[in-house]
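> Keeping their order, the protein sequence lines are chains A and B.
Quick note on numbering: my numbering labels position 80 of the first sequence as 80, and the sequence is numbered without any gaps.
Quick note on numbering: my numbering labels position 81 of the second sequence as 81, and the sequence is numbered without any gaps.
I should point out that these hints are in silico values taken from the structure, not numbers from a laboratory.
This one's a predicted model, so the numbers in the text were calculated from it and none came from an experiment.
There may be inaccurate statements among the hints.
Said to hold, decoys possible - Listed next, the in silico DSS-like pairs over lysine-lysine satisfying Cα-Cα at most 25 Å (straight line): (1) B:Lys132 with A:Lys22; (2) B:Lys51 with A:Lys38; (3) B:Lys74 with B:Lys144; (4) A:Lys38 with B:Lys50; (5) A:Lys132 with A:Lys169; (6) A:Lys38 with B:Lys52; (7) A:Lys38 with B:Lys88; (8) B:Lys74 with A:Lys22; (9) B:Lys58 with A:Lys50; (10) B:Lys38 with A:Lys38; (11) B:Lys50 with A:Lys50; (12) B:Lys51 with B:Lys38; (13) A:Lys38 with B:Lys22; (14) B:Lys38 with A:Lys52; (15) A:Lys22 with B:Lys88; (16) A:Lys51 with B:Lys38; (17) A:Lys52 with B:Lys22; (18) A:Lys144 with B:Lys22; (19) B:Lys169 with B:Lys132; (20) B:Lys157 with B:Lys58; (21) B:Lys51 with A:Lys22; (22) B:Lys58 with B:Lys126; (23) A:Lys51 with B:Lys22; (24) A:Lys50 with B:Lys22; (25) B:Lys22 with A:Lys88; (26) B:Lys50 with B:Lys38; (27) B:Lys137 with A:Lys22; (28) B:Lys38 with A:Lys88; (29) A:Lys22 with B:Lys158; (30) A:Lys38 with A:Lys22; (31) B:Lys52 with A:Lys22.
As the list claims (entries may be wrong) - From the derived model, a few chain B residues whose C-beta atoms are all more than 10 Å from chain A: (32) Ser5; (33) Gly20; (34) Ser41; (35) Thr79; (36) Thr99; (37) Asp121; (38) Ile131; (39) Glu138; (40) Lys157.
C-beta atoms are modelled at their ideal positions from N, C-alpha and C, and glycine is treated no differently.
There are 2 protein chains.
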Amino acid sequence: MYPESLRELIECLRYLPGVGEKSAERYAFSILDMDEEKIHSFVSSLEEVKKKVHPCSKCNCLTENEVCEICSNKTRDNTVLCVVEDPKNVFLFERLLGTFNGMYHVLSGLISPMDGINPEDIGIDKLITRIKDNHFKEIILALKPSIEGETTALYIKKVLEGLDLTVSKIASGIPMGADMEYIDAMTLERALTDRKNIE
Amino acid sequence: MYPESLRELIECLRYLPGVGEKSAERYAFSILDMDEEKIHSFVSSLEEVKKKVHPCSKCNCLTENEVCEICSNKTRDNTVLCVVEDPKNVFLFERLLGTFNGMYHVLSGLISPMDGINPEDIGIDKLITRIKDNHFKEIILALKPSIEGETTALYIKKVLEGLDLTVSKIASGIPMGADMEYIDAMTLERALTDRKNIE
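I would like the entire structure built from these sequences, with the hints used as guidance.
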């Protein structure tokens, strides 16, 4: 029913996460209404992004350079390393946290034996090499609180045994401001187990 | 914080309707994960759509040809003309309606003296010429039930006076299945005024 090129654009927009038929149609019509200049910048940014953006050679976060902004920033604390599972998390943490000034290391996901994802698949070797070649005092594991996250954290903790550094992981529990009614059982169990004395 | 080309892509995605910073970031990361082929088809559909798609010379609906599929379909009933305010509505009606088999005419919006939009700005001349040059028996106005929609409908009705045809407009009222609690005053007034005897 739609003209063919409009149909194709709608199909392409449907590849975007969470975009169904209706949103894709809405986006496609708005693109038809855009001026040439906007479409041109859209096209060139689509073409450029994959050519220019690649993992940082040190931490695997995304960058257009050999080494990313954070890794090349001399004012950051290079004794603390925060390990995350996805480059998105680095950008998220940097935006949300005012206090963290350490370095990052990005894994390619989490260990998941059920899905056939082993330590070598998520780049743990590179992490270990980096830790051994540098002078970190603390490794903070900021991984998802799930079975895979726990497995990965335990694995990293184990291979780092014997090295003179602290391995910590970020706390899990009840989110600030959450309605207790909507907390799931696993989160509540964890919050209870990890309870802290009030000082 | 983001690499520049990723930042630019996020900016472009924000031009899409209803897309905020978070969705744009999510879309941009998913584009980074797409394979070259998908990105290529995305780029080419963006480039093609504006070049290929233009208004049908008869009805103003979108097409890649001189005359659109509906206008060139000889099996359709060319005695009934449904007037809409946006090409999107043609695609919507065709998808939702199994019964309508007439022709369409697309205006460029609605008359709105408050916004300085006059009959000549929405292409009413072309509609009138088309009606006069053809043998329609009925003109159905399927315009939004708003002040602008009513104004436009009344205007069209007036300029068509004296011609041997019926001018109707689609009913407004309470949507099927709607919760009466959430009906606004104007809709309820209209539904009451336009009440029908039960036969």
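> Checked against the structure, which of the hints given earlier come out wrong?
Numbers 1, 3, 8, 9, 27, 29, 32 and 34, in rising order.
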